[in-house]
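Asks: Here is how the chains run, residue by residue.
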Amino acid sequence: MKKALALILVVAAFSTCCNRGTTTTTTGRPTVAFVLKTLNHPFFVDMRRGAQEAADRLGVTLQVQAAEREIDVEKQMQIVENLIQTGVQALCITPSGSREIVSALVKARDAKVPIIVVDTRVDAKAAADAGVRTETFVGSDNYEGGRLAGEYLVKVTGGKARVGILEGIPGHETGDSRLRGFRDAVKATPGITIVASQPANWERDQGFNVFQNMLQAHSDIDSVFACSDLMALGALEAIAAAGRTGGIKVIGFDALDDAKKAIAAGTMEASVAQFPSEMGRAAVESAVKVIRSEPVPPDIKVRLELVTRHLLKPVSLLVTKIRRAGWRVRRSGEASTRRT
Amino acid sequence: MIIASSAAPPGARSVDAMAPPTSRAHRLLLPARQFGTVIGLVALCAVLWILTPHFLTVSNLLNVAEQTSINAIVAVGMTFVILSAGIDLSVGSIVAIAGVVLGTALQAGQPLVVALALGVATGFACGLANGALISWGGLPPFIVTLGTMSIARGAALLFTEGRPISGFDAGFRVLATGRAGFVPAPVIVMGIVYAAAHFVLTRTTFGRYVYAIGGNEEATRLSGVPVRFHKTMIYGVSGLMSATAAVILTARLNSAQPIAGMMYELDAIAATVIGGTSLMGGDGTLGGTLVGALIMGVLRNGLNLLGVSSFLQQIVIGGVIVVAVLLDTVLKRRNRT
Numbered sequence: 002m003k004k005a006l007a008l009i010l011v012v013a014a015f016s017t018c019c020n021r022g023t024t025t026t027t028t029g030r031p032t033v034a035f036v037l038k039t040l041n042h043p044f045f046v047d048m049r050r051g052a053q054e055a056a057d058r059l060g061v062t063l064q065v066q067a068a069e070r071e072i073d074v075e076k077q078m079q080i081v082e083n084l085i086q087t088g089v090q091a092l093c094i095t096p097s098g099s100r101e102i103v104s105a106l107v108k109a110r111d112a113k114v115p116i117i118v119v120d121t122r123v124d125a126k127a128a129a130d131a132g133v134r135t136e137t138f139v140g141s142d143n144y145e146g147g148r149l150a151g152e153y154l155v156k157v158t159g160g161k162a163r164v165g166i167l168e169g170i171p172g173h174e175t176g177d178s179r180l181r182g183f184r185d186a187v188k189a190t191p192g193i194t195i196v197a198s199q200p201a202n203w204e205r206d207q208g209f210n211v212f213q214n215m216l217q218a219h220s221d222i223d224s225v226f227a228c229s230d231l232m233a234l235g236a237l238e239a240i241a242a243a244g245r246t247g248g249i250k251v252i253g254f255d256a257l258d259d260a261k262k263a264i265a266a267g268t269m270e271a272s273v274a275q276f277p278s279e280m281g282r283a284a285v286e287s288a289v290k291v292i293r294s295e296p297v298p299p300d301i302k303v304r305l306e307l308v309t310r311h312l313l314k315p316v317s318l319l320v321t322k323i324r325r326a327g328w329r330v331r332r333s334g335e336a337s338t339r340r341t
Numbered sequence: 285m286i287i288a289s290s291a292a293p294p295g296a297r298s299v300d301a302m303a304p305p306t307s308r309a310h311r312l313l314l315p316a317r318q319f320g321t322v323i324g325l326v327a328l329c330a331v332l333w334i335l336t337p338h339f340l341t342v343s344n345l346l347n348v349a350e351q352t353s354i355n356a357i358v359a360v361g362m363t364f365v366i367l368s369a370g371i372d373l374s375v376g377s378i379v380a381i382a383g384v385v386l387g388t389a390l391q392a393g394q395p396l397v398v399a400l401a402l403g404v405a406t407g408f409a410c411g412l413a414n415g416a417l418i419s420w421g422g423l424p425p426f427i428v429t430l431g432t433m434s435i436a437r438g439a440a441l442l443f444t445e446g447r448p449i450s451g452f453d454a455g456f457r458v459l460a461t462g463r464a465g466f467v468p469a470p471v472i473v474m475g476i477v478y479a480a481a482h483f484v485l486t487r488t489t490f491g492r493y494v495y496a497i498g499g500n501e502e503a504t505r506l507s508g509v510p511v512r513f514h515k516t517m518i519y520g521v522s523g524l525m526s527a528t529a530a531v532i533l534t535a536r537l538n539s540a541q542p543i544a545g546m547m548y549e550l551d552a553i554a555a556t557v558i559g560g561t562s563l564m565g566g567d568g569t570l571g572g573t574l575v576g577a578l579i580m581g582v583l584r585n586g587l588n589l590l591g592v593s594s595f596l597q598q599i600v601i602g603g604v605i606v607v608a609v610l611l612d613t614v615l616k617r618r619n620r621t
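Line order of the protein sequences matches chains S and E. Be aware that the first sequence starts at 2, since it is given in this note's numbering, and climbs by one per residue. Be aware that the second sequence starts at 285, since it is given in this note's numbering, and climbs by one per residue.
Looking at chain E on its own, in the form it has when it is part of the complex (with noise of 0.2 Å):
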């Protein structure tokens, strides 16, 4: 619906815009659809306050940002990832070995910007090989991130034999330990990744080509727009976000690991598609991934508040996935008919 309403490529259909000419029900629906998580969101956090006093507090709200932030850049790249249709398993992965680097880099006293810049460019490098196998080798997305997650993983593995790099300066310490006024650091480095995401997917043209890749790949193909290379860099954002919150991950442990990460891809699915993104491709907005990712980690503090076993956390969190997903379902297909 979003590309209708703004300048899209002649090759751009997201799946709504497949959809039957509007009705009445789907005009009304629509708004139901768009805030659906928001509205969850907003249950969720009206429960926790219900059932435990400590819940709706500042310090707290700010506690559920910060742990929130690590989540949601990543979900950044995966929804980019998953509205072209495809998925990165690699993410993960790709935290642990831009982490090192960059704890390599800070322990062997480069400067602050150099080892940044060091840790954000491996990354972005493994996000491009990943682009670049799927795009040129025309493998499937799912085994090539499959292996890179692997290939990733060892190597960080391998670079610090498998011992984590620890004790860094505070001025990169910063990066996690700061606060401007009273907001933490990574929250505000969450708030200028979403914001800059936001702007390339709604404004730019590379953004409405993400879309359109994920509607109809071919169609765009046909339409004369170099899917090849604009496949390489959705991926290449991948690894790039995943790097930035390898940044923050590093100076929140003071600490590079190179088993950081694990299991990571799958919180950045969750967060993408309990955000509405549809893993069809073509549909979804970051909106939503922020949302995801906050009603994720809502979640999780709440359930610590609360002082619920940690194997029903487990249960509580799949179940709320799979109720996400299965509402947006159904939503959708009422907007259809």
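So here's chain S without its partners, still in its complex pose (with noise of 0.2 Å):
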């Protein structure tokens, strides 16, 4: 009995605690939901910590989940539901599938909750069909990176490569168009050959077998383009261990911490930067907008910046520095000149 009550105690005091974070409706300040693919990669970290910069700078309640699983658009649709029944005012969400997380999203609409897609497109015709119309789409050009990576790619081989390829799961939107754009890109130079195109489904371990295997099949490859720096990471690994490293110029996209220190090292050869954060502060910006009824453009796109060896050096590292943190300017006509 007494053992009962200390319960009720434990139970009654806990929610007096939790209580506090969720009656925010009755105090007026409206809540967000930011719905991720996963929380166990750096660059969805790296957005829920921008999404609450911005959150705490506006003062609405930020509500994160995640899938545990970056593939899993069923438990991505459970959350979707859950999270509806709490009452939130706008949903920001990542969608694990273009077209399958629509379902998810026709649940979204039907409770009038607006709702922002960041990161990964929905297929359009897939929301038409299903009467679905979202906010806005907060991202970067994924078709656009890639064709950063391919037009470096020419630049510093020369126009003669060997190129290996680490895709990421096949059928997704972001995967899709990188390659897209780093195949546009490399088209036209008659010298490169991609001699082998492989998934590696976003995964380090993946990446590392994967290419190793490549590596055994065609030992001419001489370049490596990975949808993302993970799957490059893992690349790397492998190139270590056929004791290769420094001969295979390996370019990865999303800029990781690791792939810059390998950049800085020399062992990686460039990353395609992406801003998470800047993805997040400005889907839950467009979030507190859309609850205020003012309008907010159909396309944001949040710029992308290719990081190689010579930007990395102490110097261009203190240019950034400072850029990032002070002068938030508009460099769309810089990028615009590096792209070229």
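FYI, nobody ran anything at the bench for these hints, they're computed from the structure. Quick reminder that beta carbons are idealized off the backbone N, C-alpha and C, glycines included. It cannot be assumed that every hint is accurate.
Said to hold, decoys possible - Now the stretches of chain E that chain S is said to cover, found in silico as 3 or more residues with beta-carbon under 8 Å: (1) 336-344; (2) 382-394; (3) 533-539; (4) 600-614.
Fit the two chains together into the complex; they arrive one by one in their own frames, and the hints show the way.
Replies: Right under this line is the structure:
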């Protein structure tokens, strides 16, 4: 009996401390839900950080939830259904599947929760068929990022390379666009041959295994384009295991910290940087605008940048730091000069 | 215990049936053991009701039931298998392959009935293959289903070239989006599946043999029961259930994915075991499994509503599985002495 009483007391205490967090709707602080693909990837951790900063600044409560595995659309759908029940005023989501997620978005629409799509686009046709309207898309242009990587490869190899490609999960809009961008950029250069292109499903260990197998089959590979840095880092390990460190040019995507270290050390060639924390920030800002019935543009582009060894020299690092800290100037002109 | 109370074949001896004669303490503790999981579910709901105002609403409870339905249906097959002292690790992959066969048939313009039949038949065939290898090949269920888990997944990926098949017409999607009154269609399917499976398990010879094989396979065989045939059918049932879950999953996501259903085997095993079915076989009920699946569904839903971090959620769910089985084991041990 005593035990039961103690348990009730504990539960009661827990509930009062928890309720402080959840009774936000009564105090007029709007709640924005942010559903990520996963939280076991630095990219999404950064995105959450940016989103949280914006939420704190704008005085909204942020509810961040993610599936355990990046490809688990069904779990993401459950999370969306559950968050709708808590009466959130806006939903920011990074879809695990461009088409599959539409079923979840239909539920948000029925509950009249405005939708902000982040990072991965929703399939336009599937959304139109289901009558789902999204407020805006926040993300970087993955196709453009793939092009940046391809053009850089052409430049550093002098137009002669035998390339192995590590793809993301097949059917993923993000990876497919990067791949198309890269292929389009190298297509016009006859000296560049893509000798192998295999999915490594965004993962580091699979990047290792798949690239190790590629090296077995094509020992003459001299360049790698990986659609994400985790796969690129896996490939770096495989290259090291084969004793060919530095002999194969690896270009990745995402500019993770580990990748930047590898670029600075000269074992990796370059990586296309996205700015996930800016995506998170822009998404929450748009959500707040939508809640306040202010207009938002249908497409919010977040900048991309090619990180190379040159850029990671101490002087350049300092410059980038100052830029990021202070001048949040639109640098579209500068970016376009780099791309040419 | 259930066996002793109904007409059981001579060979049917569950673990409990071998326990010493009924004592007073035994009779008192029996309900606690039977209803332990129900009490757990009610307690969990009560805690969530106190913690969040969003939990105990009709729309949220229907939401939980709908989300639970897929795991609950897969867990029906898993309960049959575990009752017979086996294990089926291939259920998640069978969900995937049955789903892509169904999806492909639908997109090829086959009539709904034909597509459904093809999908379900695929699942059933995979299950039968498992069962045949286990009973006639004499291989351990763990190894066989581990193998088919990989084979079926690979086949699903090969079949679709790794790409999801999306976009079906409303006539099929009714299976997930439809409602009878206010009850979502997946919940109705779940209800029908449980009613039918419960009938099979408790009122048919096949059902009694499931318990008998799990209780003592050798004794069952010596009693003249065609054990091999029945074991094959048990895995067939598991495949059938996975295929049924695949139908709902495909309709729900409006997409058949070759990577669908990963880790479903663990969720189904967890639901079965939380529901009080013994991994040693011969002891357990479908009602328990349903409650087990609901506990997992309510837990996931509640943790989402509370905004608990997804890392902490995994810890809580793992903890609940261990505690549930621990309680069950303790109660069982007391029952015996």
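Asks: The structure should be examined with respect to each hint, and the outcome stated for every one.
Replies: Here is what the structure says about each hint:
1. 336-344: holds (count 6)
2. 382-394: violated (count 0)
3. 533-539: Holds, because 5 residues of the stretch 533-539 of chain E bring their Cβ atoms closer than 8 Å to Cβ atoms of chain S.
4. 600-614: violated (count 0)
Hints 2, 4 from the list above are not met by this structure, while the remaining hints are.
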